[in-house]
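Taken in order, these protein sequences are the chains called A and B.
Going by the working numbering, the first sequence runs without a break in its numbering and finishes at 371.
Going by the working numbering, the second sequence runs without a break in its numbering and finishes at 93.
Hints listed in this document are in silico derivations from the structure and should not be mistaken for laboratory results.
We put the CB at the ideal spot given by N, CA and C, even for glycine.
Hints are not guaranteed to be accurate.
[Said to hold, decoys possible] Label-pair ranges, simulated between beta-carbon atoms: (1) A/E276 x B/E89: 51 to 57 Å; (2) B/T28 x A/Q248: 37 to 43 Å; (3) B/E89 x A/R139: 46 to 52 Å; (4) B/P76 x A/P206: 35 to 41 Å; (5) B/R86 x A/T36: 53 to 59 Å.
[Claimed, not checked] From chain A, some residues computed to sit far from chain B (all C-beta separations above 12 Å): (6) S243; (7) Q245; (8) K347.
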Amino acid sequence: MTSAASPSAGAVVVVDDSPVQRRFLRAAVEADPGFTVVGEARNGKEAVALVARLRPAVVLMDLDLPVMSGIEAIERIMAASPTPILVYSAHVGGKESANALEALAAGAVDVLAKPGPTDTGTLDDYADQIRKKVRVASRVRVITHPRGKLRTRDTPSLPRLGLTCPSPRPLDDLPVEARAGVKLVAIGASTGGPQALHTLLRELPPDLDQAVLVVQHMAEGFIPGLASWLDGLVPLPVVVGASGQRLQPGTVTIAPSGANLLVQDDRLRVLCVDPEPGQFHVPGIDQCFASVADALGPDAVGVLLTGMGRDGADGLRQIRDAGGLTIAQDEASSVVFGMPGEAVRLKAACEVLPPAAIAEALWAVEMERVR
Amino acid sequence: MGGSTVAGGVPPAVLVELHRAFVQEVCTRLPHFASPDDVETARRDAHTLASSAWVVGEPDIARLAREVENTFPGGPVDELVAALRRVAEATGT
Numbered sequence: 001m002t003s004a005a006s007p008s009a010g011a012v013v014v015v016d017d018s019p020v021q022r023r024f025l026r027a028a029v030e031a032d033p034g035f036t037v038v039g040e041a042r043n044g045k046e047a048v049a050l051v052a053r054l055r056p057a058v059v060l061m062d063l064d065l066p067v068m069s070g071i072e073a074i075e076r077i078m079a080a081s082p083t084p085i086l087v088y089s090a091h092v093g094g095k096e097s098a099n100a101l102e103a104l105a106a107g108a109v110d111v112l113a114k115p116g117p118t119d120t121g122t123l124d125d126y127a128d129q130i131r132k133k134v135r136v137a138s139r140v141r142v143i144t145h146p147r148g149k150l151r152t153r154d155t156p157s158l159p160r161l162g163l164t165c166p167s168p169r170p171l172d173d174l175p176v177e178a179r180a181g182v183k184l185v186a187i188g189a190s191t192g193g194p195q196a197l198h199t200l201l202r203e204l205p206p207d208l209d210q211a212v213l214v215v216q217h218m219a220e221g222f223i224p225g226l227a228s229w230l231d232g233l234v235p236l237p238v239v240v241g242a243s244g245q246r247l248q249p250g251t252v253t254i255a256p257s258g259a260n261l262l263v264q265d266d267r268l269r270v271l272c273v274d275p276e277p278g279q280f281h282v283p284g285i286d287q288c289f290a291s292v293a294d295a296l297g298p299d300a301v302g303v304l305l306t307g308m309g310r311d312g313a314d315g316l317r318q319i320r321d322a323g324g325l326t327i328a329q330d331e332a333s334s335v336v337f338g339m340p341g342e343a344v345r346l347k348a349a350c351e352v353l354p355p356a357a358i359a360e361a362l363w364a365v366e367m368e369r370v371r
Numbered sequence: 001m002g003g004s005t006v007a008g009g010v011p012p013a014v015l016v017e018l019h020r021a022f023v024q025e026v027c028t029r030l031p032h033f034a035s036p037d038d039v040e041t042a043r044r045d046a047h048t049l050a051s052s053a054w055v056v057g058e059p060d061i062a063r064l065a066r067e068v069e070n071t072f073p074g075g076p077v078d079e080l081v082a083a084l085r086r087v088a089e090a091t092g093t
């Protein structure tokens, strides 16, 4: 092994305390001629040192590690040697799911469910999934996380907005034109989304009058964990959506896995619809945004956050064309400026802002409603 | 990697190596279930074995290990230990 000062193209470091997993991951990764496993670590501490020395293009890391946990290792790597980290976790529900989401907040770019007793797929299926994720992760430009992770911030007790309540900041200072009549804020996100969502949603007032709908690209099974994780961190309740329900004002609803979540009407009834064959991302952001544009027109706000690819850009354009306010996350704060960048290219975004400023813009919408 | 592959993915030579690594892993972790002084270590071992057993095509062990992980020190510890011993003995380890 040789040390390198800058990331080595195609170089992968594997981190797992199990020799079986390390051998399997090496085989899975190296079946793609563009990638080579240049180092293996058995615990988080070894991983931090190895990544600093080898500067791989991608790190494949388990979370349940001895000596130093996967979460702490991610924090340290992202603070000292920012590298795309692909987490693979054995459990997609319960405690492990929360850990995986914590890993995303710490800067990991994606999560892959480790196979287990109930899996019906084959080893080859899983190896194929790993290769796809590694290819995507290798193209992600990551940024330093100086704090290592986003720590749970004390959520300020915000006043109920209304005619008699003071504004948290003067309307004139707010970054976008405030609009009345907005019923729904639809947010799409992919790689880097959980931490952007956390930053955005934690700034919203606890008694927001609009419903918030989130479509986050995420491995099957992680959505309930994402909802639970965000629910513990942001002022608004966060739930997983279901077909036939109505989105509730002041509640963040996350689209479930496996189907497109479409808004049916201006009463905010939603329906889960099977994707078309070949649809790459499910749930699709474009499909959801298009339905939002149709159902609500100018009474919707569309927000497209960090993510690879272009899902959501066309849909955001449809919301804008229907008269809705549209916002894309800016490049500096995006883990991947793919989707929001495409929205900018299509002139789909009225504003381009970092997540905290997007929250301020939504405050402005709220203020305009209650004025 | 050279050699033919199983369903276009993992070569047979690698599968042999995986089995060898699994046996090594079983031998390392087995004592932690036989005399569980450290509950956390035993749970972690069960967690690891559940995934490893799936990788090497031992679904029954994977299922038992996951159950032990979730219920330790209760659960089917004896069944898991017996199954792991069979794996170790089958290779003469």
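Hints violated by the structure (numbers, ascending): 2, 4 and 5
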